[in-house]
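S.K.: Given next are the chains, with one letter for each unit.
Number of protein chains: 4
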Amino acid sequence: MIDFALPGELVALRDRVRAFVDREAVPLERELEGGAPDVQSIAALRAKARAEGIFAPHLPRAYGGLGLDWRSTAVVFEAAGRSLLGPLAINAAAPDEGNMHLLHEVATPAQRERYLKPLAAGEIRSCFAMTEPAPGAGSDPAMLRTRARKTAHGWVIDGEKWFITGADGAALAICMARTSEELDGHRGATMFLIDAGNPGWRVRRRIPTLDHVTPGGHCAVSFAACEVGDDAVLGEVDEGFRYAQLRLAPARLTHCMRWLGIAARAQEIAVARAAERTSFGRTLGEHQGVGFQLADTEIELHAARLMIWHTAWMLDRGERARHESSMAKTFVAEAVFRAVDRALQVCGALGVSDDLPLATFLRESRPFRIYDGPSEVHRMAIAARLFRRREARA
Amino acid sequence: MIDFALPGELVALRDRVRAFVDREAVPLERELEGGAPDVQSIAALRAKARAEGIFAPHLPRAYGGLGLDWRSTAVVFEAAGRSLLGPLAINAAAPDEGNMHLLHEVATPAQRERYLKPLAAGEIRSCFAMTEPAPGAGSDPAMLRTRARKTAHGWVIDGEKWFITGADGAALAICMARTSEELDGHRGATMFLIDAGNPGWRVRRRIPTLDHVTPGGHCAVSFAACEVGDDAVLGEVDEGFRYAQLRLAPARLTHCMRWLGIAARAQEIAVARAAERTSFGRTLGEHQGVGFQLADTEIELHAARLMIWHTAWMLDRGERARHESSMAKTFVAEAVFRAVDRALQVCGALGVSDDLPLATFLRESRPFRIYDGPSEVHRMAIAARLFRRREARA
Amino acid sequence: MIDFALPGELVALRDRVRAFVDREAVPLERELEGGAPDVQSIAALRAKARAEGIFAPHLPRAYGGLGLDWRSTAVVFEAAGRSLLGPLAINAAAPDEGNMHLLHEVATPAQRERYLKPLAAGEIRSCFAMTEPAPGAGSDPAMLRTRARKTAHGWVIDGEKWFITGADGAALAICMARTSEELDGHRGATMFLIDAGNPGWRVRRRIPTLDHVTPGGHCAVSFAACEVGDDAVLGEVDEGFRYAQLRLAPARLTHCMRWLGIAARAQEIAVARAAERTSFGRTLGEHQGVGFQLADTEIELHAARLMIWHTAWMLDRGERARHESSMAKTFVAEAVFRAVDRALQVCGALGVSDDLPLATFLRESRPFRIYDGPSEVHRMAIAARLFRRREARA
Amino acid sequence: MIDFALPGELVALRDRVRAFVDREAVPLERELEGGAPDVQSIAALRAKARAEGIFAPHLPRAYGGLGLDWRSTAVVFEAAGRSLLGPLAINAAAPDEGNMHLLHEVATPAQRERYLKPLAAGEIRSCFAMTEPAPGAGSDPAMLRTRARKTAHGWVIDGEKWFITGADGAALAICMARTSEELDGHRGATMFLIDAGNPGWRVRRRIPTLDHVTPGGHCAVSFAACEVGDDAVLGEVDEGFRYAQLRLAPARLTHCMRWLGIAARAQEIAVARAAERTSFGRTLGEHQGVGFQLADTEIELHAARLMIWHTAWMLDRGERARHESSMAKTFVAEAVFRAVDRALQVCGALGVSDDLPLATFLRESRPFRIYDGPSEVHRMAIAARLFRRREARA
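Protein chains in written order, with this note's numbering: chain A, 1 to 394; chain B, 395 to 788; chain C, 789 to 1182; chain D, 1183 to 1576.
Extracted from the complex, chain A is given alone in its bound form (with noise of 0.2 Å):
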């Protein structure tokens, strides 16, 4: 029957993941000014995560992990995301977050050894290479322009990718390739699982964004007869968009989760400063004109940690839920943007200078329309189900 309690250890664990990242991560942010957090800086953190027993509570205990649920995860993240070094500290960020469900879903026992058990331990980073420049693929997956041929020994790997998260730095890229030439959106693309010390992957440039915090930034990427083996296929072979989806709905899922903890903390601000700052007369939040905002920010993320919740809930039941990531991911990235934004002017002039973290929120969370599927195609993709939904029906 619907409910919505969360079990007293939950709300125990998302406590202790709050009061950590208030204590740990968001001194540190000031120091970062703006900027992505050294190696160094992260590993200390994460230290202090596993010795207070939050880290990576998403993965299986197997794993060094906490083994939690969907719907678990969703609270838990959300007290992380409060600073964007919390779901570092917690080895909760994108992109491993989402790889390392990934390769535990898929990958073969020699493959996790290999890299999801560094990857959980937090000692190395990944990238998941799916995106390419124009004319390949972008939103459209069905535009993969990279290459793999098969050779005697394994796989001949060519192509250009482009705004490759966290490749800087990456010990590995799952790269996706196209291995058939009936490529379809369905199937005849292949994902590879890539060490950075294969002479035939290079790092061309980081792309310099609007967003600066991720580690490893957002990077062009080059593979150029690269050749790998055969064991460093992930999964089937021309199975690789299924693999996606695998990956996708429950990574833009996660996403969510992690914005809201930042819009929560934005709108937190925003209120600290309404209740203290008066102007003609009265404190800025007794003045409609900006209580409102704050309501309106209120509404819609009560809105979208409801329907974060229904979509981990889908998951948790083995749906793929995609239709419910899609609505949820839609409207989150849109939600979370407009509370940063309203949050920002609520705090006027000092909202967009960095004795708040106001402006860096805004540029950071701004992507997150663009990225993990824009709002556009979600959308069209929304639609389209309504369509299908009908003439099933009938």
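Note that these hints are calculated values from the structure, not bench results. Note that the Cβ used here is the ideal one computed from N, Cα and C, for glycine as well. It cannot be assumed that every hint is accurate.
Examples of chain A residues toward chain C, derived with CB under 10 Å [said to hold, decoys possible]: (1) His287; (2) Gln288; (3) Gly289; (4) Val290; (5) Gly291; (6) Phe292.
Go by the hints and put chains B, C and D onto chain A.
M.R.: Frame of chain A; chains B, C and D shown alone:
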């Protein structure tokens, strides 16, 4: 733990209600031509609903209902709400439904016998006489001007009420009057149960309005030297505002449940039209300008449903859920109107015509942003709670 | 050079029209109870307008008008549009106003004598029969199914039309029919002038709709073996779509002018209410939640007015202004509805009631986002022009 | 009479400015990497602009300008504003441009010689020191805390200012200080001209902010026992707020002009991308989900331009245009941000990257909804005027 599963028997009940509404209520809509159904039509519908075992599902079994909790009520009322006649058919329409809840919570056994029993059976109608014309009580209850003076034998009530829904033809008015000089929005007002036969109560006129379907309309009502006995007091003297809150939080939520049904039906109609009508070489729905509107409605109704369920869950736990019901009411009222407005737009001239029910839905749903507290008053209250909660934490 | 000054005589004319509408038309509104005025009432109003010297200001003096250019028309029509009866009073209402313009531009002297003269005098009404029920011509004119076959003596027209505004009681129908197999949205359709007495033309039913005020309603019309002579052809054979454009760009702009008047009046009513009604210790308008709504309307109506004036200026220079009239129509139709919707919200339950005209304005203005090209078709056309212009520059 | 024609020489000037900016300023943008240009780059650009005959077009010819009126300035500043470097190149950037206007209107001949002349020549920079950190003067000038005390020889100023744009490196600060106990938002404050060399004036820090391009940044500034002579008073003692209004209405409008240029360029970039990039079998622009965003921007920038022109026309007539400049500022600031935000969305990951200037435009334009009066303060003022005007008519 977070759960969205509906028990099998609830799903079955919902589906029966839905099938009933589609079979019995929807075909009658056209005959109404946008007006209120007559007493005979309602009685006929109710007889069928009773035979179907779906009558008054929200009421305790002792009163002929199904004893549903709030969450189950949410699911069933949405199904009933698909037609404006659906809630009338199962005796779950406003304002009777809220009045029954109030009487059940506050009335004496004798009052219940006299009023709740025939109301629950669908034999009489009632109205809730609180709102007053300017400069009296509208959104701000502290402006209440109707007065009740204590006499030797009971009370004498004088005042003007306005926009009293369902007053014309109602057998019972629940009238709010000030009974103390120290009226402050919390104490000082009292509720009285007044029979239609009382010569001191008069329906002065039915106010013509944008919406037409509610039986008894919206009326201007006057109480002039209206004498009642002490047994007409509902609950405690001076505690009327507290009971009003007791009535309002659930009443605004059941409103949301019913309106969600209308919005969902509007969406179905628009999806069907968009799938069938072609323009510029493709179906309307294949034009993203149309498809995106349907996607937005899909997302918002999903969020609306989850917010309703969440508040219903709180009510089931015995919480007052004022904050959550305010958020749900604000969001749902606005989302419902947008859903209907978009559906009408998608259907074009056909949507404007009464060949579809969308124009009626537009007229009927527009006032919901005003009734049960306008969005502005809810946003004011939501913002105020943000600041009070912040202070409470400090 | 950029100039927004209105000549003194134009200001004087505008003020006279405004005073006339407030004095003569506004008081009649209540008597209509939301329906269309009868022939006698309109005739009486028109007699007064003629006496006032403000009749048919947009028509050449030869036809009894004032010979205003489009800019002056914009100013005067906004003033007339303050009441839904205003444009009828000065014989500037749709669809007659657009039909008069079309006849003036395209008709032969004989056709003008027969049709334009009595139309200009306000003696007869007319309709424009273009839209068809699905799967015929709606937003996409290339789907036109009504056909005219050439005979020895003239033409025979067969087809179904739908949503023909003002058809019931019209003395003249301007009917669009395909006259060529090669119909392509540009050529192949022809306009015919058909008398009400023609037995081949029949008003099948008045379609009940959300809006009620237009005399003659919106009708389903059939042409069955409707015989007309060669002199019934308006302009050239196969050039109907070109004339439709000639009619539509100005017609949608004059619609904007009139609706702007309604929106401005809605705003006045809301400002008055917000200034007088108090709630929670201050006037409604002092609550920013109300004041900001009024400010938004103020801003948007200002923008709307300037866009109308700009397009009118282009028409006065002899330009077709298709891009600009599309932009104006889209913006104004949406801004007008928001203005009315906000005004109604600000006035609360009173706004919902027919004690104010806002509920009527809401019903009447909603279809404007659909009539004269729905917003979606205009946005599609605006976007397409952006790309064509870019190519033209390259 | 209403007219939107631009004289031939104005069109020619606009086109020259536009060509200059595209040729000289746009290529420099990439070198900035999102930061402020250095003094040498600006000087080089200005030399070229002077050679081109387009330098300081808004200034009187006596000061080396072109003596344009406000309407012509609007046209030219939009063209200059296509690049963030454009206004700097022609010496029309904030805050110097507004300060020059203020000095021209209020300063004594000696003050003009000393400050206006080198400012007009682009030899020095200036800042306007009005805003204070909480609890001082932000949106509400009556909260001003900086004080100037009269001494025998002049004045001594003490106070903290904050968010003073361009202060770092400015040769002149125009400082607002209270000079009367009866400060009321209208009278009691005075403007002082303070040289950079004055030891009582100190730039405490450059505040890191979301926007980076303005030379001199946004600074925290302190005045401590800052002694100035009587000749440092700008205009009359106690009349500072009046001069602030004199500066602000045009200053916020010139801001609008420049930002409109940025938005128009963002739109061009998005249109180009949408025309070239394909996805799901058609160009991005053929997807209505993209095309409608471009159409909305097209409509809103059109409205924005007309509102700017209208206010400029009022200023040219000698009106203060406070209402109209408030409306224009509110609408333009929000429309510009939406335009940039949509353009970035349309360009996807490329839009997020610094390979396009859109991410920079987003950062730079966001604060405009706060600077020069946040939207909330303008909406408050607009609403207040609606009620005052209503009263004045009564």
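S.K.: Work down the list of hints and note, for each, if the structure agrees.
M.R.: Verification of the hints:
no.: 1; hint: His287; result: holds, 6 Å
no.: 2; hint: Gln288; result: holds, 4 Å
no.: 3; hint: Gly289; result: holds, 4 Å
no.: 4; hint: Val290; result: holds, 8 Å
no.: 5; hint: Gly291; result: holds, 8 Å
no.: 6; hint: Phe292; result: holds, 6 Å
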